[in-house]
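Student: Those protein sequences? They're chains D and F, same order as listed. Position 108, counted from 1, in the first sequence is what my numbering calls 108; the numbers after and before it change by one each time, with no gaps. Position 49, counted from 1, in the second sequence is what my numbering calls 49; the numbers after and before it change by one each time, with no gaps.
It is worth saying that the hints were derived from the structure and are not from the lab. Misleading hints may appear alongside valid ones.
Each computed DSS-like pair below joins lysine-lysine, with the alpha-carbon atoms no more than 27 Å apart [as the list claims (entries may be wrong)]:
1. Lys74/D / Lys85/F
2. Lys74/D / Lys2/F
3. Lys163/F / Lys124/D
4. Lys123/D / Lys85/F
5. Lys123/D / Lys166/F
Sample of chain F residues lacking proximity to chain D, with all beta carbon distances greater than 12 Å (derived) [claimed, not checked]:
6. Leu6
7. Ile7
8. Ala10
9. Leu23
10. Leu65
11. Pro87
12. Ala93
13. Leu94
14. Leu107
15. Phe118
16. Leu137
17. Ser320
18. Met457
So these bits of chain F aren't anywhere near chain D, every CB distance computed over 12 Å [as the list claims (entries may be wrong)]:
19. Val96
20. Pro302
21. Met420
22. Leu426
Every residue, glycine too, gets a C-beta built ideally from N, C-alpha and C.
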Amino acid sequence: MIKVESVTKRYGNLVAVNNVSLHIRGGEIYALVGANGAGKSTLMRMLVGISEADAGQLLICDEDLSRRLPTTKKHLGYLPEELLFYDQLTGREYLQLVAGLKEADDAQIPVELEFFGIAHAAKKLVGGYSLGMRKKLGLCAAMLGSPEVLILDEPLNGLDVEMMRKLRHRLESEREAGKAVLVSSHVMSFVERVSNRVGVMRLGKLVAEGTPDHLRQQTGLLREDFEDVFFQLAE
Amino acid sequence: MKKVWLIIGASMRSQLRWARQHLYTWLILAPLILGITYLTASRLVRNLSIADISFLQLTVVGAALFIGLLGLSLSRASAELYHQKRPAAYFEALPVAAHTHLHAALLTRCGRTLVVGFFLVAIKVILQEPLNPAAILALTLFVMLTSVAEVFAALQWIHWSHKRRKRFALLSILLIAVASQYAGSLFAGIFKSLETGYSSQFRVILPGLAGIILLYVITRFAHQRMRASDVEHARRIEAAGRLHFFSVAFFRRRFQPTVAAQLARDFQLTWRGFSSAVYVIALLVPLLLATLVAALTTHFLPPVGRASAWLDAMQLPQVSAVKITSAIITATLASLTPVLVAYELPHLWLERATGASGLDLWQAKISYARFISVSAPFLAFLCGASFGGVPLFYLLPLLVECLMLWWAISSLIGALSFEMPTRPGLALIVMATVGIGAGLGASFGLLTSAFLPLGVMFYAQAMHGLTDRGRARARYYLLYGED
């Protein structure tokens, strides 16, 4: 569903993403981990068409992103790291706007609002939302239209423990439904529990890739925290 | 097209709700701006007598207006097109075609340029000229051509800063130059629609229409090709293009580190438009200067009499007009201080945590009021010296008087900045009134050169009391926050 072939992205002299290749099949959750500035968000932005790769190829559901067809993005649900909303729109109005642009059914809006626990604030202006509520609204927007591919950049930031657990279950059910999920996070316990495969990025390069068990075996840290596994791989 | 309306609808709804929350802007500042604009325009128009201006001269004025609008809208048009740091940036990840973004930006531009259109209609009304269909058509085409050109210029501007393709840039400048000629002709057509026959109108309108279509086709083609590579660059230049001359080091030469850091932050926030009041004030200042120029160059003021003595020259209407304008511009610019204080009030924990005192806070704000308004006396003086009948021997005293007015008014407004920080709207009105009142009073005597010793004594006494009170007020808000 997601195919990244030898993708490179430069900002002047800085190589933000350096010859990265990865494949994510349907029914799989792929976690991207790495320190700040490792290139995770840049790769994700390229995958949703916000940024353009300098070299390489990006395919979503076998459609080449470089052709910039709006239909390609119909398969996508995206949660950006930096959430910007119209502060003077209510949560419901914002989701109606996103549903309209995605050509999704409005009937899904109350379902998502209820699931993410912000139905009570649906008629309030987004400007009055807390960080967690804004994140939940972003997640609602990403889920609208039931996309086949979910790309979630740091979805746990600002979420409470209960919602983290709920999100994990939701991602697992999306995987059961045959969808491809690419998620970036710094919460290693979440990454280990939810993902089928983990990709470790460092200075723009994909330095390690495999199932959590495989990465444990690779580092020889079978009983330690997954955080230690990450540190060993990322160093 | 449905998606274009969805994007524009969301933006408009958001802006209307914002406007509802800032009613004071509309009820007080909007009539003020519209009033000054109307009075200035009507004065200029009546005195200039458009009938005496040739079609060619009007074409040049129209072309200059067109280029000016393009230059002023570059930043905003690029933000509307590429949504830098805006909620619409998310739409890049949604199934929205590139031309939908373009059309949304074009319609937004049309809406904004329409304001200029209404302004031109107002001039026609002042001239008591009928708005015939040919004039309306020329006006509509002028607005459309300007809007398309604004988007085209923004597109090329971002592309140039990214790729530096000289041939491409030259071609774009050439296109803008040709478009400005058409825009100038359309502008002239708005005012000369009755005098020129239908065949002449046809010769103006048809090329204008063709120009709009051609420019739109080129813009759409260029946008389709360049959007993917330029959209992220636009976002990055917004982040990188900060000016650094408001640095702490600049202010440290004169102030204590705590005050210098606050001042640097205050000016950085102002430069980045922390409030809509910054834009309103940036608009008001040129309007006030235009009003002064209009007053000095028309028959609004009595003719300049012979002034051979110091006191005679001091009371000349032209000299008074310069001093009054200097006072009003100073008060206008310094009025940003209470708005800034209100904006920063929720973040005072930073000052609290770093051990800043009430006096530090107060000094930073009084210095801000002085710095932000320092251009006022020079601008008013330059207008007066260039257009007014100020006697040569009184030029230097006039500059000194303007500088004294600036110092007194900005200090007064800065000193009062912590008086009502939770009510910035009210504070803005009160302080502007107090400042202007003091300025008007001073310009007719108290602080002027004739009563200089008295003025200095009065200032010293008043500032002593204000310093104590200002320090206490700042300390109160530092300790107890908004409560």
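Student: A separate judgement is required for each hint: does it hold in the structure or not?
Tutor: Now for the hints, and whether the structure bears them out:
Straight-line distance between C-alpha atoms of lysine 74/D and lysine 85/F comes to about 23 Å, which keeps the hinted pair within the 27 Å bound. Distance hint between lysine 74/D and lysine 2/F is fulfilled; the C-alpha atoms sit about 16 Å from each other, no more than 27 Å. Our distance criterion of 27 Å between C-alpha atoms is broken by lysine 163/F and lysine 124/D, whose separation comes to about 44 Å. Between the alpha carbons of lysine 123/D and lysine 85/F the distance comes to roughly 25 Å, so the proposed pair stays at or under 27 Å and holds.
Simply put, lysine 123/D and lysine 166/F have alpha-carbon atoms about 51 Å apart, too far for the 27 Å limit, and the pair is violated. Residue placement check: leucine 6/F does not keep its beta carbon more than 12 Å from all beta carbons of chain D (closest about 5 Å). With a cut of 12 Å on Cβ distances, isoleucine 7/F falls inside the contact zone with chain D, its closest approach being about 8 Å. A cut-off of 12 Å between C-beta atoms contradicts the statement that alanine 10/F is not in contact with chain D; the least separation is 5 Å.
The non-interface label for leucine 23/F is consistent with chain D: the shortest C-beta to C-beta separation is roughly 14 Å, beyond 12 Å. Listed as a non-interface residue, leucine 65/F keeps its Cβ farther than 12 Å from every Cβ of chain D; the least gap is roughly 33 Å. The Cβ of proline 87/F does not lie farther than 12 Å from every Cβ of chain D; its closest approach is about 5 Å, which violates its non-interface assignment. Non-interface call for alanine 93/F relative to chain D: violated, since the shortest CB-CB distance, roughly 4 Å, does not exceed 12 Å.
Distance check on leucine 94/F: its Cβ comes as close as 5 Å (rounded) to a Cβ of chain D, failing to clear the 12 Å threshold; non-interface status is violated. With a minimum CB-CB distance of about 16 Å to chain D, leucine 107/F clears the 12 Å threshold, and the non-interface call stands. With 12 Å as the threshold on Cβ separation, the claim that phenylalanine 118/F sits away from chain D holds: the shortest Cβ distance comes to roughly 25 Å. Interface exclusion of leucine 137/F from chain D stands, the closest Cβ pair being 35 Å apart, more than 12 Å.
Every CB of chain D is more than 12 Å from the CB of serine 320/F (nearest about 45 Å), matching its label as outside the interface. The claim that methionine 457/F lies off the interface holds: its Cβ sits roughly 50 Å from the closest Cβ of chain D, which is beyond the 12 Å cut-off. At the 12 Å boundary, the C-beta of valine 96/F falls inside the reach of chain D, the nearest C-beta of that chain being 5 Å off. Against the 12 Å criterion, proline 302/F stays outside the reach of chain D, whose nearest CB is about 50 Å from its own CB.
The Cβ of methionine 420/F sits about 24 Å from the closest Cβ of chain D, beyond the 12 Å cut-off, so the non-interface label holds. Interface exclusion of leucine 426/F from chain D stands, the closest Cβ pair being 22 Å apart, more than 12 Å.
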